[in-house]
Amino acid sequence: MQSVSRADVEDFLFNEADLLDQWRLPEWLTLFTDDAKYEVPCTDLPADASSETNLFYIADDRTRLGERVKRLMKRTAHAEFPHSKTSRIVGNVRIQASKDDEVAVSCVFQTLRTKDGTTDLYFGTTKYRLAIQGDGFRIREKRCLLAGEGLRPSGRISIVL
Amino acid sequence: MNTPSQQPALLIDPAQSIFKVARRNFVDPEIFKAEKEMIFDRSWLYLGHSSELPNPGDYITRKVAGRGILFTRDSKGQLRALLNTCPHRGAQVCRERKGNAKSFQCFYHGWVFGADGKLRSQPGEASYPEGFKGRDTSNMQPVPRFETYRDFNFISFDSNIIPLVDYLAGAREFLDVICDQTDAGMSIVAGSQEYSIRANWKLLTENSIDGYHASTTHATYFDILMSSTDNLATGMGGGGYGYDLGNGHAVLEYGAPWGRPVAQWIPGWGEAGKSEIGRLYDNLVTRHGQERADRIARKNRNLFIFPNLVVNDIMALTVRTYFPVAPDYMVINAWALAPNDESAWARKYRLNNFLEFLGPGGFATPDDAEALEHCQRGFQNSKEALWNDISKGMGKDKAHHDDELQMRAFWTQWNKQMFPGPVSSIKGVAA
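These protein sequence lines are chains A and B, in that order.
Each position in the first sequence, counted from 1, maps to that position plus 311 in the numbering used here.
Each position in the second sequence, counted from 1, maps to that position plus 11 in the numbering used here.
Pulled out of the complex, with its shape left as it was, chain B reads as follows (with noise of 0.2 Å):
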């Protein structure tokens, strides 16, 4: 798309330890438009967990970079990604949410469809020719492309883009890390939170891997930790790093005072925790040795994987994506990730932390959309306040978790998508 040269995306000099984003990034209506074809339909989208999905015959409608998606495993327990619409003329053929059913029938003319999207029959069939039925145009369509790794459902709607576990690159590691917390497999806690931000979708992402904002815009969420836990006395804050994990996905990995139900004992959690803890502690390190264990268990992460999911390994388990609907306005979906062999003391403990930090209900996530939209109302002023700052640690050796490198691993990949081609090499206007 054309851009005036004069007004770059991104300003970055890395001899000066530069790197400014273009306001306009957040509110112009070309961006925005540019994105959906650049961003949504050239990257690997989060549709959901296998787990949503247990029985043949499940099936979940989810709306996926704002087209409605038939999430289905068919009758021989595959699991498919459908266009939900008739390939008749074009009505979502499905209008529930979620349930279990051997079919589906479009309602404006009774066309019938398996789990699989195969068209088993329509009225008047007489009046079509032979083999209509075994024509592919007569089935409902699949997604162009449908991957899974780990139980994390992808599609695409770029039948050309690189295998899913490419894409992953270095993203890859840190879900096998949160995956290995239990050999039984993980489940999506029934309940979706599914609220909004009157923000640019960009902010979020920011947001998710910001590790600088924590202690100011989360002060009273640290405020009750503190005072409920003893927790500056465990020392087990410590700090840590940050990755760029390549295609423009990131994580932090840090330590933090609060308790993990896999598995970080808090004195809030008395002594049947103590021992339970202790035991899921044990048997990670028996799976995994030592060092790995204390990596999976005492380790936080906020993985993002580009552009729109986050998968937070923090004081409970979540899995988040989003999606822009206007500029200034995105819905987003959360969900609580567990393991399966997880005991009830452990889900109740797990669920409350959850709750406690997490989520439009709260003590942080609330904080975290006040921020984000008055970032999005700072934004009026672009005209004439041009420019975001993420430039804290560059040219550190090691980024630590409250720098900003995991931002600009984010914004160097979606400006690459955005405008292919030589990246424009700006110096010193921004200094």
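So here's chain A without its partners, still in its complex pose (with noise of 0.2 Å):
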């Protein structure tokens, strides 16, 4: 196994930020992995908290993250019909520990996300663990660390992060 680069690791994290700014939600699924976890904490809760024992914003597994998706496509989906736009901007990219199948990337994120007049920013913290597989690289998890308080006054995460 040749060793990762953070170059490969940013066209990885790059072209996810692409795919979801483009709602090509049902291909980006297809980055995660079979046990792949989604998990957004509450802004008020220490970094490695755990979504079995404390409330969280969003706390998706790989089925949930399916429902996710497949909730987000239809028309039903008030929140995001029509959808919303958005701009992902993944920064600050480091690998920050790396074993024979897997890194553990730490990133910056801000997202812009524009919907009937109204734009609100969402930034903070990204922290992946990246399954390194034969074609490349599969999320197994991908938790956003909030930096603001609360969701004010952005108010949700329709989108995903």
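Calculated from the structure, these hints are not laboratory results.
Treat the hints with caution; some may be incorrect.
The calculated lysine-lysine pairs, modelled on BS3-like cross-linking and capped at a C-alpha distance of 27 Å, are [claimed, not checked]:
1. B/K359 x A/K348
2. B/K87 x A/K381
3. B/K74 x A/K348
4. B/K74 x B/K87
5. B/K109 x A/K438
6. A/K438 x B/K359
7. A/K426 x B/K394
From these two lone chains plus the hints, build me the complex, please.
Put into structure tokens, the structure is as follows:
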């Protein structure tokens, strides 16, 4: 196994952000492993809090992540119909640890979302655990740590961060 | 306050089953201003749950109706609600969200207060008269009224308000049903959902006790529920009823197809879940008898306590309070409440259930927010399109849970507090 470079990780994360900005969610979903988790803790919790004992905003396993994508692609997902427009910036990418089959990555995100004349900013740090597979990376864990206090004034996380 | 007589806040005519709410109530800055004085300064307002401050010295700062409140458990274990402002020159004394402290020091001039709000010391004491520290006016001021019912702590800025237990009226019995899930007490789970909606606060009151919107607004949630748990076959829907609980409080109580950690099993929870839920249910029967156990375990309750507290005992248990910031913007705080003796398995499923439906990242709440925001947008037309209609189910002997009796209970109390004196009777105008 050849070593993983930051550029490899950045290519992967930039592509992920692009798929989300283009609302290609079913394709985005294929980036995840079958045992994947996508989590957004409440902002008054420690960064390593467990979703089994603490209230989060989002704590999806792979099944619910699939339901989330299915839901968001329906016109009855009212909060995102018509789809909002988003622009994601991913930066400060760092590999924090690596094993044979997995790298731990930290980055910051700034996601702008516009709908109905209102633009909101979501920002914070994302912690990834990326599985190294034959053809590249798969996301085993994506944990978005919002840096703001609560969700004000954005109010909700109806998009994927 | 003055209101043009040609434009009342409500139009009610029971004989014709008319109940209309002026859309002006959601947009008018004069109404917004009056609500501060007539509603939020004259009601009992939820502050927090006793479990949030388990130990002496624990504290939380919280904003209630625009005031900064310091909620503490003092060294003797007593809960206190203090106005978070220094008696000296007004600075906010505690600037942290929560923690544990033996005392609080105002950073401006260094006055130090106990968790009971009493002045302990101040720099330059020699320049103050003897006995200065003993004066009430030297202490942090308690909120005018502070009372507790079954670990739900409320404050009021009206020192003459009726006692909390009387204020709760019929809501008390429903709080009892919720708290009787366990005899080990309940706690708020760590993690606060703090969000906002760009809409008038009364829209969230209405939405929280609206059984009518579920199948359309939450179509995607029910798609998921039905596909994942084979619930159609279990036949646990069954509907229910809405109740006016007095003093503006209201509730809907109904059966629904989702699983309840206390205590309704669904196939999605597997055999392990089945025996766990069975054990919880048997316990309830032992403690409360079959009938009440069935009600606690299998009925859902969306309980509204006037003017801004919602306790939803549904697929999880949530406590939600909200405050207006502007006519078209509110902030919301929501928590998960759970029995203290719950197993790790049940806690996990409770939180899982909570997040699937509830909260700003769930599969339902964002669509509620969207609906409320689009009502607020619709109200841009309120000069021409004047009225909301909440007459559904008027005249029935017993209102169903998807009727609008609950909203009429809220608005009737709102109107009584906003416009004291005889309610003008307007007939025919709105038909």
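Original post:
Hey, A/K438 versus B/K359, does the alpha-carbon distance stay inside 27 Å?
Top reply: 22 Å, holds
Original post:
Does the structure keep B/K109 and A/K438 at a Cα separation of 27 Å or less?
Top reply: Given that 27 Å is the threshold and the Cα spacing comes to 26 Å, the pair holds.
Subject >> Given pair status - A/K348, B/K74, alpha carbons within 27 Å >> reply: 34 Å, violated
Subject >> Restraint check for B/K359 with A/K348, where alpha carbons must lie at most 27 Å apart >> reply: At roughly 15 Å apart (the allowed maximum being 27 Å), A/K348 and B/K359 satisfy the hint.
**OP:** Quickly compare the C-alpha distance for A/K426 and B/K394 to 27 Å and report which way the hint goes.
**Re:** Judged against 27 Å, a Cα distance of about 25 Å means the pair holds.
Original post:
Are B/K87 and A/K381 close enough, with their CA atoms no more than 27 Å apart?
Top reply: 54 Å, violated
Subject >> 27 Å limit on alpha-carbon distance, applied to hinted pair B/K74 and B/K87 >> reply: 25 Å, holds
The structure fails hints 2 and 3 (numbered hints given earlier, in ascending order).
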